[in-house]
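Enquirer: Here are the chains, one letter per residue:
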Amino acid sequence: MRITETKETKLVDDEILIRQFVGTGLHHSAGNRKAFTTLMERHIKGMRRLLFTLLNGNMEDMEDAEQEILISLFNTLPHFRFKSSFKTYLYRLCRNKAIDLIRKKNRERKILFSISGQPSSNLYEPEAEVLKKERGNRIFKLLFKLREEERSLILLKDVEGLSIKEITKILSIPEGTVKSRLHRSREKLAELMAGEDI
Amino acid sequence: MKKDCRNIKDMIQESLDQGAALPVLVEEHLKNCPACRSFKESLEQFSMKLKASLNKEIETLGPPKFSCLPERLSERRGHRQFLPWIAALICFALISMFGYRGYISYRTKSFLREENRLFVESLFTQSILEQEDSLENIALSTTWFQGSDTVSELTEDFSLEHEINL
Ligand SMILES: [Zn+2]
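Chains A and B, in that order, are what the protein sequence lines are.
Just so we're aligned: the first sequence equals residues 1 to 198 in the working numbering.
Just so we're aligned: the second sequence equals residues 1001 to 1166 in the working numbering.
To be clear, the hints were calculated from the coordinates, so they are not data collected in a lab.
Warning: the hint list may mix true and false statements.
[Stated by the list, open to error] With the Cβ distance kept under 10 Å, some of the chain A side facing chain B (calculated, not the full set):
(1) GLY31
(2) ARG33
(3) GLU63
(4) LEU70
(5) ILE154
(6) GLU160
(7) ILE164
(8) ALA190
This structure is a prediction, so every number in the text was calculated from the model and none was measured.
Glycine included, each C-beta is placed from N, C-alpha and C at the ideal position.
Next up, chain B with everything else stripped away, as it sits in the complex (with noise of 0.2 Å):
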């Protein structure tokens, strides 16, 4: 009996979910349990007797406070229409600002590039003009070495032997 209350309460609930009639079968049943026909009476008074209470209750209060309400809708809504403008802005500011970075170091470095382009030259034709001697016999030696008259000779001959064993 106890397992049938168990169902039929289940029955019950599911009756006041669905808004539906109850089935035959726990109509049966409540005939015959008071248990079960006390539960349903008591949840069905409970929710009548519950909203007429709160409706006594909440009567004592006023119309809702409308004055709270601002004179307009919320600023952010106003500010959302400019939202894609801002965003607009902000990326052309980041583009100029790192364009102008760029652009600047650019300048910079080709700057700096230039002169130490012309302060290696000047170390370069320095170190030949000291060292022309030297130069000038290691030519020689080479030449001595491979029977040639100039290293450039001696390279074109190099490359061309190259291309034949290719």
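Same shape as in the complex, but just chain A (with noise of 0.2 Å):
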């Protein structure tokens, strides 16, 4: 099953779609699921984009990722009060997650050099897979250069088109700062590319 994000699907508002799962109390119909489904459908690939960027490309984690948001979302949908959009709240949970899973894998890997007596490395490594293949090598390769946050923001800002208001709400950071740092950070990037061939 391909995954398409049609302008058909956009017709249904977001909000009309967790209010039809989270329904009246039987939220485990098969009408109510089939609601979280077609949510989640539409903005899975925006979803992955994120994921894969912010960790490195490991498929392997990006599951592990993608399962915990799904579930997350499930139970915690139902509290949602709809003071941001759910894009915006979706973003928000897969950056955290993204996070937590880096830090988690940061602390495994200082944990197993103490233990083999190697000097510690406090990096979550690009995934190698990834940097072999031809197609888009060179791109993944000047985006794995960047910081979390610089990453996060070139993404939500320059290749998902949010706003800068949304991105503020996603980052916890003022509009004022999400600016300037998204600005250094194209700048960073843009010196990046002057030393490589894109």
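Combine the two chains into a complex, taking the hints into account.
Expert: Right, here's the structure in full:
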């Protein structure tokens, strides 16, 4: 099954789908479950692009994070108060899960290194498999040179096309800071690109 | 020129942030500045190429695994509707417990009080009986001193005097 982000699916508002999913008590009914899967299929591409960007293209970690996110959404959406858009809520959740996973992996790596007696590296290394591939190779090499926040800013603004206000909510930093950090991240990227043939 | 480029780069980014067209001033600058032109182009290209590459990568992933979802919504929510009842039950239990303890301690206290009273009374009666003689002596000596017949009369007089003085 291929997931498509078509305009027709967008006709039904996210909010309507969430309300259908939550329903009025029979949350586990087939219809409500369908509303949840429709909602997620609509946003899965954006969610996976963010996870790939933050998790260095590690597919295994992406799958783990994705499952956790799905379960978390399934359980927390009934308490969603529509104070922000679902998209904002989802990206925030994705970013937090990715950061949690990176921290967990780094902790495990530290323990492993301390046992083996080798010097510890606190870096969540880019997935070697991804960098070996011809397509997108250089792009990802560049992307993975950026820090987590720099990647998030560029991806959310320039790839996902979110507004500065939405990014403010996702990253929990003020609007002015989002702008200045985004500008610095783009400049850093442009500098990195100057030395590469993209 | 360098300071100009700094401003132009900011303006390019500002347009990107707003999703707006570039100001004429910037367009004019770009015509004559390869550095700023390459900055703008590389940013645009990067986001385009990144999106295409990301899409290619995620295409290899299958549909989301909805099978990992629980059969029902979180049990947490199921329990939530019983929260007020649970709270009420706890309150009732606490009130009953402390109420009962209070009642018991009151009963014990009043029982002790009664016992104490009887004990003190018995002591008092005993001491009165023992000291009757000496009390009589005191009363007599007071009478002698005040020139009154009894101690009670003496007190009455005193209170009367006191009232008059007021
Ligand atoms: Zn310039």
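Enquirer: For a quick check of understanding: which of the numbered hints are violated here, in increasing order?
Expert: 1
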